[in-house]
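Q: From first to last, the protein sequence lines are chains B and Z. Numbered by the working numbering, the letters in the first sequence go through residues 33 to 246 in order. Numbered by the working numbering, the letters in the second sequence go through residues 616 to 812 in order.
For the record, the hints were derived by calculation from the structure and aren't laboratory data. Treat the hints with care, as some may be off.
[To be verified] Going by beta-carbon spacing under 7 Å, a handful of chain B positions derived as facing chain Z: (1) C65; (2) T120; (3) A122; (4) A128; (5) F217; (6) G221; (7) M224; (8) W229.
No experiment lies behind these values; they were computed from the predicted model shown. Just so you know, even glycine gets a beta-carbon here, dropped at the ideal spot from N, CA and C.
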Amino acid sequence: MEATNPQKLDYWKITLSGVFKENAIFRLAISLCPAIAVTTGLRTGVLMGVAVVFVNVMSNVTVSVIRAFIHPRIRMPIFMLIISGWVTVADLSMAAFAREAYKQMGLYIQLIVAFASIFTRAEIFASKNKVVPSFFDGIGMGVGFMFSLVTISFFRELLGKGTLWGFSIIGAKPLLIMLLPTGGFLATGVLMAFFNWIDIRFYGGKGAGGAGGH
Amino acid sequence: MEKELTKLFEIFIASSLINNFVFTRFLGLCIFFGVTKKVETAVGMSITFTAVMMISAAMSWVVFNFVMVPLDLTFLKIVVFIGVIAAFVQSSDTIMRKVSPGLYYKLGVYLALISTNCIILAVPLINAGEHYTFLEGITLGLGSGLGFALALVIMASIREKLEIADVPVPFRGLPIAFVTTGLIALAFTGFAGIITS
């Protein structure tokens, strides 16, 4: 999505496009690592999602604010610095306020810095648009990412532990395999196929989402 | 001495098989799904990755322990490691192009993909988190690199066969690759009992 005329952009449209049309995991298939690593429970999935929304929005806004001062030739290292700065903020806050969850997912929070989905937004959207559209673009991409994490972790926790957010729902553990790494790959694969099916069935797409980048 | 060697061996086995970066730690998935369409690319990629992982582990260990710890700057580790790795990859890209163009055309193309990849960045971060010594850090880099290579080659061989298989339309492409990876990961859980310490 290239925005050449920011005045005419509909904020709602920008946000929604990030959630569905350009959904990072199911459609573009980028930034996959945490989708499987932190989705054994709804709680960790949501926490990771919140961290990603935060970093995405803040780095988009920062890049947009200083976009006039960045020389095009050195923009990549500058974006990298901005993103890693905000990831450090998220990492330290998570370590301070959510200690239990941090022990389990600390490494993946730090690795948000290598997310292609955040970097590409800074490159193709925030560096060319004003602050407010960039803010909504960040929200859209972040929420889309969170949506995928929540969907995957919903099924994994429900089927693996029989609970949701720690509360017992089924009262048994129907499919223990969903908690293993295997379950993460299977759940993501099946959900991705489901989204492809929707795309083919209702929107006349060709299926086969994302080519996979990094 | 013997105890240290045992520890190194343990780290090597643990990082390459038990905690395989792809199948247990879920790192480098994007590369993993992106380049495993042909065995040849997968091999070139593995060589480059293993080398970069070892060297960046060594470099960031030196920076972390001799610069950041004495200055009490460890909270900046994400920023600094990214910088170290990106600088190293960029410079080796330039040097390789000048010194040996043949090698560059074989392996250099993968270098561009590497600079900010989570699988490379994870090695120094784990080293810093676990307070590994220099040798242990390099061993972790080597083990993880070889484990990643193993995963890439297995997956590429399977996907070359998948090309001619009759897969349901919505599953074509990435979804079936995910399901396949899930099954390989299931096999890799069998390694979990090798080291009991």
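Q: Against this structure, judge whether each hint is valid.
A: Evaluation of the provided hints:
1. Of the supplied interface hints, the one on C65 (chain B) holds, with its beta-carbon coming within about 5 Å of a beta-carbon of chain Z, less than 7 Å.
2. The criterion of a C-beta within 7 Å of any C-beta in chain Z is met by T120 (chain B), whose closest approach is roughly 5 Å, and the hint holds.
3. For A122 (chain B), the shortest C-beta to C-beta distance to chain Z is roughly 10 Å, which exceeds 7 Å, and the interface hint is violated.
4. The criterion of a C-beta within 7 Å of any C-beta in chain Z is not met by A128 (chain B), whose closest approach is roughly 12 Å, and the hint is violated.
5. Of the supplied interface hints, the one on F217 (chain B) holds, with its beta-carbon coming within about 3 Å of a beta-carbon of chain Z, less than 7 Å.
6. At a threshold of 7 Å, the smallest CB-CB gap from G221 (chain B) to chain Z is about 3 Å, leaving the interface hint in force.
7. For M224 (chain B), the suggested interface contact is upheld, since its CB lies about 4 Å from the closest CB of chain Z, less than 7 Å.
8. The interface hint given for W229 (chain B) is met, as the beta carbon of that residue sits about 4 Å from the closest beta carbon of chain Z, less than 7 Å.
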